[in-house]
Amino acid sequence: MTIALARIDDRMIHGQVTVGWGQQLRPDLILLANNAIAADAWQARVYASSVPPEIAVEILSVAESAARLAAAEESGERVLLLTGSPGEMSELVRLGAPIEQVNVGGLHFAAGKQEMLPFVYVDRQDLIALDRLLKAGVGLSAQQVPGGRDYPVGDEQLERMEDLL
Amino acid sequence: MTRGYVITHGAIGEELVRVATLILGPQVGLEAASNAGRSAQDITAGIAEWLAAGREPALIMIDDYGGSCANAAQLACGDRSDTAIVSGVNLAMILGFLTWRETHELEELSQRIVDKGREAIVRLGGR
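In order, the protein sequences belong to chains A and B. Just remember that my numbering sits 21 ahead of the position in the first sequence, which is counted from 1. Just remember that my numbering sits 11 ahead of the position in the second sequence, which is counted from 1.
Treat the hints as calculated values from the structure; they're not laboratory data. Watch out, some of these pointers could steer you wrong.
What the hints assert, rightly or not - FRET-style restraints, in silico, Cβ to Cβ:
#, chain 1, residue 1, chain 2, residue 2, range
1, A, A62, B, G137, 44 to 50 angstroms
2, B, G136, A, Q146, 47 to 53 angstroms
3, A, Q44, B, L35, 55 to 61 angstroms
4, B, A131, A, D171, 37 to 43 angstroms
5, B, A22, A, G168, 19 to 25 angstroms
6, B, L35, A, G169, 26 to 32 angstroms
7, B, G65, A, G158, 48 to 54 angstroms
8, A, I149, B, E118, 45 to 51 angstroms
9, B, Q52, A, Q44, 40 to 46 angstroms
10, A, D144, B, L33, 39 to 45 angstroms
11, B, L35, A, P173, 49 to 55 angstroms
Computed from a predicted structure; not experimentally measured. For each residue, glycine too, the CB sits at the ideal point set by N, CA and C.
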């Protein structure tokens with residue numbers, strides 16, 4: 022399996038990822054798919070500096086990331102894939118990235134978002150993207166850290182949120 | 012006088028500042044914040060807002076290098092020359108900050124605080 026973890030987390034590269042999941046899964050590569058950060062060398066340097074030296078890190082646009090994942094499948098690298106939003110993860114799947122299961126790890130409160138779980142706040146755009154992932158056959162669940170509670174995210178949960186928004 | 016902002020996981024920073032004031036008395040120009048429940052964007056915006064609210068040089072103290080607070084502090088400071096960031100904040104560093112912030116320029120102050128924080132970590136007895 023190439024993708025050790027595909028995670029949606031608006032903090033992107035941070036302690037829960039590098040220390041929590043990183044120590045548990047020991048990926049070869051942390052791949053952050055984010056158009057804005059990939060296009061800004063300064064931001065990319067800041068985020069890359071958070072990754073321990075034993076794990077490689079690449080920060081690429083969403084389109085480049087889809088291609089990079091295809092290459093990783095060939096080479097057998099174990100990848101911890103990150104996006105900052107459900108929309109970017111859904112776009113990766115649309116572009117053909119081999120993603121079967123997605124971990125919703127952290128979407129924090131912002132104006133216009135409603136609480137789905139204590140660590141997951143969503144707006145309509147997020148719901149549409151999560152629904153697209155489900156419809157594409159991708160499994161979803163929400164879990165912050167290894168060993169933490171794993172919450173199901175399915176049609177029932179998304180419909181409940183649609184009623185709230 | 013250099014301003015200070017302690018941003019950490021959980022309530023570590025708020026407690027460090029509270030305890031420092033129990034030792035040295037009430038302080039101005041020293042604030043604490045938590046990353047709890049906040050997006051990277053929100054943490055960065057909070058630091059940027061605090062930076063913009065004053066004119067004095069600013070020292071940002073974070074708990075863990077390589078976490079959301081570290082990322083946010085670096086992104087909020089950008090290439091400003093009147094700010095410094097140190098990680099690994101502990102009580103000795105806060106006390107050092109409050110003791111030296113009027114007498115030392117930012118660069119020397121931040122280095123002294125890093126040295127002070129390291130000096131505070133020692134083995135005391137036991138095996």
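Results for each hint:
1. A:A62 x B:G137: 44 to 50 angstroms: Once the Cβ atoms are compared, 47 angstroms apart, the range 44 to 50 angstroms for G137 of chain B and A62 of chain A holds.
2. B:G136 x A:Q146: 47 to 53 angstroms: violated, 57 angstroms
3. A:Q44 x B:L35: 55 to 61 angstroms: violated, 38 angstroms
4. B:A131 x A:D171: 37 to 43 angstroms: holds, 39 angstroms
5. B:A22 x A:G168: 19 to 25 angstroms: Since A22 of chain B and G168 of chain A have Cβ atoms about 23 angstroms apart, the given range 19 to 25 angstroms holds.
6. B:L35 x A:G169: 26 to 32 angstroms: violated, 38 angstroms
7. B:G65 x A:G158: 48 to 54 angstroms: holds, 53 angstroms
8. A:I149 x B:E118: 45 to 51 angstroms: Roughly 49 angstroms apart at Cβ, these two residues keep to the hinted range, so it holds.
9. B:Q52 x A:Q44: 40 to 46 angstroms: About 26 angstroms separates the Cβ atoms of Q52 of chain B and Q44 of chain A, which means 40 to 46 angstroms is violated.
10. A:D144 x B:L33: 39 to 45 angstroms: Since D144 of chain A and L33 of chain B have Cβ atoms about 42 angstroms apart, the given range 39 to 45 angstroms holds.
11. B:L35 x A:P173: 49 to 55 angstroms: holds, 50 angstroms
Comparing the model with each earlier hint shows violations of hints 2, 3, 6 and 9; every other hint is respected.
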